[in-house]
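Put chain B on the given structure of chain A with help from the hints.
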Amino acid sequence: MKIKISPFIYTIIFLIIFFVFYKGLQNSNIYTPNLKMEKNIPSFKAKTFNNDKFISEKIFQKDKFYLLNIWASWCVPCREEHSFLTKLNKEEKIKIIGLNYKDDKKNAKIFLKELSNPYDVILLDEDGTVAIEWGAYGVPESFLIYNNKIVKKIIGPINEELLTEIKILIQ
Amino acid sequence: MRFFKFFIVIFFLVYSNLSNAQDSDLKNEITKNLRCLICQGQSVYDSDSEFANSLKILVEKKLNEGLKEKQIYEYLKSKYGEWILYDPEFNKNTYFLWLLPILMFLIGGAIILKLFIQKKN
Numbered sequence: 001m002k003i004k005i006s007p008f009i010y011t012i013i014f015l016i017i018f019f020v021f022y023k024g025l026q027n028s029n030i031y032t033p034n035l036k037m038e039k040n041i042p043s044f045k046a047k048t049f050n051n052d053k054f055i056s057e058k059i060f061q062k063d064k065f066y067l068l069n070i071w072a073s074w075c076v077p078c079r080e081e082h083s084f085l086t087k088l089n090k091e092e093k094i095k096i097i098g099l100n101y102k103d104d105k106k107n108a109k110i111f112l113k114e115l116s117n118p119y120d121v122i123l124l125d126e127d128g129t130v131a132i133e134w135g136a137y138g139v140p141e142s143f144l145i146y147n148n149k150i151v152k153k154i155i156g157p158i159n160e161e162l163l164t165e166i167k168i169l170i171q
Numbered sequence: 172m173r174f175f176k177f178f179i180v181i182f183f184l185v186y187s188n189l190s191n192a193q194d195s196d197l198k199n200e201i202t203k204n205l206r207c208l209i210c211q212g213q214s215v216y217d218s219d220s221e222f223a224n225s226l227k228i229l230v231e232k233k234l235n236e237g238l239k240e241k242q243i244y245e246y247l248k249s250k251y252g253e254w255i256l257y258d259p260e261f262n263k264n265t266y267f268l269w270l271l272p273i274l275m276f277l278i279g280g281a282i283i284l285k286l287f288i289q290k291k292n
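From first to last, the protein sequence lines are chains A and B. 25 is the number that this note's numbering gives to position 25 of the first sequence; each next residue is one higher, with no gaps. 218 is the number that this note's numbering gives to position 47 of the second sequence; each next residue is one higher, with no gaps.
Just chain A, same shape as in the assembly:
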């Protein structure tokens, strides 16, 4: 007996498989974080450099610009961006908050002594969990905050171009 299966079914199966694989080819396998989405700042607790307790709600005020910068003394690109942070610190409209990520306190102090301290407040993130609260995944990373919302997320070191952009945004 001759087995006959409709060529129509074959065509349909082929088309479905083709469509699925074709769609799959277009998807990127590299993680691309969403930089444009406005998010509320997370609520978190941390210690400052002077071992004071810090609650996020107390420092981030409305109608003010803040730049939360995640840094570490062992991070080479952090050295590169440091001069730009120092320049930004001269702006009166913005406060820079440093989040010292998985660092040795002694090394961090030497780092700041060597390159100057652009931060208004420095928080400690000894185990990296505070950075996760912010949705960060490495150093350096910066978040521009206004009205308790993240208005811009910067992954990687701040450069001249980004500094100009921040300055325009805070005007």
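Simulated from the structure, these hints should not be mistaken for lab results. Remember, predicted model here, so these are calculated numbers, not experimental data. Treat each hint with caution, since some may be false.
25 Å max Cα-Cα, derived BS3-like pairs, lysine-lysine [as the list claims (entries may be wrong)]:
(1) A:K64 <-> B:K250
(2) B:K232 <-> A:K53
(3) B:K248 <-> A:K45
(4) A:K45 <-> A:K95
(5) B:K232 <-> A:K102
(6) A:K102 <-> B:K291
(7) B:K203 <-> A:K53
(8) A:K102 <-> B:K250
(9) B:K233 <-> B:K250
(10) A:K167 <-> A:K62
(11) A:K153 <-> A:K64
(12) A:K39 <-> B:K248
(13) A:K23 <-> B:K248
(14) A:K45 <-> B:K232
(15) B:K198 <-> B:K233
(16) A:K23 <-> A:K109
(17) A:K45 <-> B:K241
(18) B:K232 <-> B:K248
(19) A:K47 <-> A:K106
(20) A:K105 <-> A:K93
(21) A:K58 <-> A:K95
Relative to the frame of chain A, chain B by itself:
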């Protein structure tokens, strides 16, 4: 009485060890289902990067706070998006992914059934 006290001590020791082991198992299970975003093709469990190590600590903290496995996934999804989960959810982007095996199974089943009926006749 002495035997009773000894029994209670042993019971608590075994119970606390078992409960720690269960927590650790759950932590491993969760971290195996999380994608290390800065690594290539590694789960958080497999990776030893700073990011993965921090996530492992965070998962442990959240478990100690009493959060359930699903709540931890939801929490991390809110921070990093669905990409952090290895197990994709059923939504408009994953319809095909979830439905294709079922569709293939049904079509295959129909073909076999058809052949079977044809042979019988």
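Hint check: K203 of chain B vs K53 of chain A, CA-CA at most 25 Å. Holds or violated? At roughly 34 Å apart (the allowed maximum being 25 Å), K53 of chain A and K203 of chain B break the hint.
What's the verdict on K153 of chain A and K64 of chain A, does the C-alpha distance respect the 25 Å limit or exceed it? 17 Å, holds
Measure nothing beyond the straight line between the CA atoms of K64 of chain A and K250 of chain B; if it is 25 Å or shorter, mark the hint as holding. Holds - the C-alpha atoms of K250 of chain B and K64 of chain A are around 24 Å apart, at most 25 Å.
Straight-line alpha-carbon gap K232 of chain B to K248 of chain B, limit 25 Å: Distance of about 17 Å is within 25 Å: holds.
K102 of chain A and K250 of chain B were given as a pair; does the straight-line alpha-carbon distance stay at or below 25 Å? With Cα atoms ~20 Å apart, K102 of chain A and K250 of chain B stay inside 25 Å; holds.
Verify the proposed pairing of K39 of chain A with K248 of chain B, using a straight-line Cα cut of 25 Å. 13 Å, holds
Do the alpha carbons of K167 of chain A and K62 of chain A lie within 25 Å of each other, as the hint requires? Holds, at roughly 19 Å.
Restraint check for K45 of chain A with K95 of chain A, where alpha carbons must lie at most 25 Å apart: 19 Å, holds
Just to be careful, I want the Cα atoms of K232 of chain B and K102 of chain A compared with a cutoff of 25 Å; is the pair within it? Holds: K232 of chain B and K102 of chain A sit about 17 Å apart, inside 25 Å.
25 Å limit on alpha-carbon distance, applied to hinted pair K47 of chain A and K106 of chain A: 15 Å, holds
Compare the distance between the alpha carbons of K232 of chain B and K53 of chain A with 25 Å, and conclude whether the hinted pair is satisfied. 19 Å, holds
For a C-alpha distance cap of 25 Å, please report whether K233 of chain B and K250 of chain B respect it. Given pair K233 of chain B, K250 of chain B holds - Cα atoms ~14 Å apart, limit 25 Å.
Consistency with the previously given hints fails for numbers 6, 7, 16, 20, ordered from lowest to highest.
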